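Here the protein sequences come in this chain order: A and B.
With our numbering applied, the first sequence covers 1 to 310.
With our numbering applied, the second sequence covers 1 to 83.
Think of the hints as simulated: they come from the structure by calculation, not from any bench.
These numbers come from a predicted model, not from an experiment.
Just so it is clear, CB atoms sit at the ideal spot from N, CA and C, and this is done for glycine as well.
Mixed in with the good hints, there may be bad ones.
Said to hold, decoys possible - Restraint ranges, calculated between C-beta atoms of paired labels, are given here:
#  : chain 1 : residue 1 : chain 2 : residue 2 : range
1  : A       : Gly93     : B       : Leu59     : 33 to 41 Å
2  : A       : Leu47     : B       : Leu59     : 25 to 33 Å
3  : B       : Arg33     : A       : Lys236    : 20 to 28 Å
4  : A       : Asp150    : B       : Asn76     : 30 to 38 Å
5  : A       : Asn33     : B       : Gln60     : 29 to 37 Å
6  : B       : Ser63     : A       : Ser152    : 20 to 28 Å
7  : A       : Ala23     : B       : Arg33     : 22 to 30 Å
8  : A       : Leu47     : B       : Gln48     : 19 to 27 Å
9  : A       : Asn33     : B       : Glu3      : 37 to 45 Å
10 : A       : Leu47     : B       : Gln30     : 22 to 30 Å
11 : A       : Leu47     : B       : Gln60     : 25 to 33 Å
12 : B       : Asn67     : A       : Glu146    : 15 to 23 Å
13 : A       : Ala23     : B       : Asn76     : 49 to 57 Å
14 : B       : Gln48     : A       : Gly93     : 40 to 48 Å
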Amino acid sequence: MATIKDLNIKIGSLKKTKKITGAMKLIATTRFNKIQSLIKKSERYRLALEEILSTFSPEDIRDSLFLNVAKPSNKALTAAPMKKVLLFTSNRGLCASFNMNVIKMLHSFKASENSHGNPLALVCIGKRGFDAFRKYKDISIENKSEFLEDTSFSKAFSSFADSLLDEYAHAKIHSVTLIYNHFQSVLSQKPQTKVILPFSLKKEKPAASGKVDSSASPLENKAAGRSVFAFEPSPKILLDSLIKRRFRYTLFATLIESLVGEHAARMTAMDNATRNCDDLIDETTLKRNRLRQVAITTELTEIIAGAESA
Amino acid sequence: MDENFFSLEVITPDKTLFSDKVTQLIVPGQSGRFGILKNHAPFVSLIQTGELLITLQNLQQKSLQLNGGIFKVEHNTAIITTE
Chain A
1 MATIKDLNIK IGSLKKTKKI TGAMKLIATT RFNKIQSLIK KSERYRLALE EILSTFSPED
61 IRDSLFLNVA KPSNKALTAA PMKKVLLFTS NRGLCASFNM NVIKMLHSFK ASENSHGNPL
121 ALVCIGKRGF DAFRKYKDIS IENKSEFLED TSFSKAFSSF ADSLLDEYAH AKIHSVTLIY
181 NHFQSVLSQK PQTKVILPFS LKKEKPAASG KVDSSASPLE NKAAGRSVFA FEPSPKILLD
241 SLIKRRFRYT LFATLIESLV GEHAARMTAM DNATRNCDDL IDETTLKRNR LRQVAITTEL
301 TEIIAGAESA
Chain B
1 MDENFFSLEV ITPDKTLFSD KVTQLIVPGQ SGRFGILKNH APFVSLIQTG ELLITLQNLQ
61 QKSLQLNGGI FKVEHNTAII TTE
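All chains, please: the whole structure from these sequences, using the hints.
Written out as structure tokens, the structure reads:
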């Protein structure tokens, strides 16, 4: 049975915990807002790339996507079908099931790939994911957690993206899959897998040629036709560079999407923790007050009983 | 004064470096520097690492260091994507 003193100590520590979780929530909120504005800015870049891409003919785009990059993968299928998986988690904890969700997803992905006999090469962007998988001996694992600390589009990051493309072009890897938390809203992040290499016809085509069609048709209605662009040096070289940039951007966009989800998850988790602290404080205070009232009543009864007998 | 300016945006994945009306551009293209004025024909080019010279509406000069990128101009709107 807790004494009044025990309960007072408990209330004191609960209040301190509440302060801490409250502060963490504020920090997460600030970071969340910062990254969200970054996402808005990066969206402009994506649109600009799409706009430039739309100046090329759909045939050129398709040839570039499938001949320049995808051709070596046919050889890769017979050679070493190493599948690269990029796991986006957080570096720090206290963000509810954010990390667990993607880790679980990777576990099931790993199980299904193992049954197909494809070796996996794991790249962890986030310490939590690295810690969860470092003990497995059957997959090669790389730790790239430092990308989470620097939210600008750094040289290191783009050269990492280039190295992936390079390994792919030289048939060292056969595909690149991203496993990350898709940001749906502040309250919900859904774990998702996305294959970014080889470029898939289904995903790339609507994004690429859909834009072309929509921008081409209004112009054609005006009987002006699409503007004829001059390309320098050549459409093929330009497209190569453009697709490289798009690939780097895709990786970067996923990184910041995962980050914004992390901060949102932490915000929600800390908000819940703060509210839970409030509930506990109320409950414990009530308990303490009751106990105090019991003590007062007992004391009073004793005094009255004493006075009556005298 | 006739209006001889066009719009320019310089965009990176994490921010917009420049967005304003300009009168003249000198771009460090892959196969040599080229100048862009108003009413340029639709044009797409690869950019080398180098200096982008911008002449603003008030004829002031401004320069930006570019680390490679892609340039596009169409209907008096120029876009540079760089990293």
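Here is what the structure says about each hint:
1. A/Gly93 x B/Leu59: 33 to 41 Å: violated, 56 Å
2. A/Leu47 x B/Leu59: 25 to 33 Å: Given range 25 to 33 Å: holds, Cβ gap about 30 Å.
3. B/Arg33 x A/Lys236: 20 to 28 Å: This hint holds: roughly 23 Å between Cβ atoms.
4. A/Asp150 x B/Asn76: 30 to 38 Å: holds, 37 Å
5. A/Asn33 x B/Gln60: 29 to 37 Å: With a Cβ separation near 34 Å, A/Asn33 and B/Gln60 satisfy 29 to 37 Å, so the hint holds.
6. B/Ser63 x A/Ser152: 20 to 28 Å: holds, 22 Å
7. A/Ala23 x B/Arg33: 22 to 30 Å: violated, 53 Å
8. A/Leu47 x B/Gln48: 19 to 27 Å: With Cβ atoms ~24 Å apart, the hint holds.
9. A/Asn33 x B/Glu3: 37 to 45 Å: Between A/Asn33 and B/Glu3, where Cβ atoms are some 39 Å apart, the hint holds.
10. A/Leu47 x B/Gln30: 22 to 30 Å: Holds - the Cβ-Cβ distance for A/Leu47 and B/Gln30, about 24 Å, lies within 22 to 30 Å.
11. A/Leu47 x B/Gln60: 25 to 33 Å: 29 Å Cβ-Cβ, so the 25 to 33 Å window holds.
12. B/Asn67 x A/Glu146: 15 to 23 Å: holds, 21 Å
13. A/Ala23 x B/Asn76: 49 to 57 Å: Given a distance of about 51 Å, which is inside 49 to 57 Å, the answer is holds.
14. B/Gln48 x A/Gly93: 40 to 48 Å: Holds, at about 45 Å.
When held up to the earlier numbered hints, the structure conflicts with 1 and 7 and fits the remainder.
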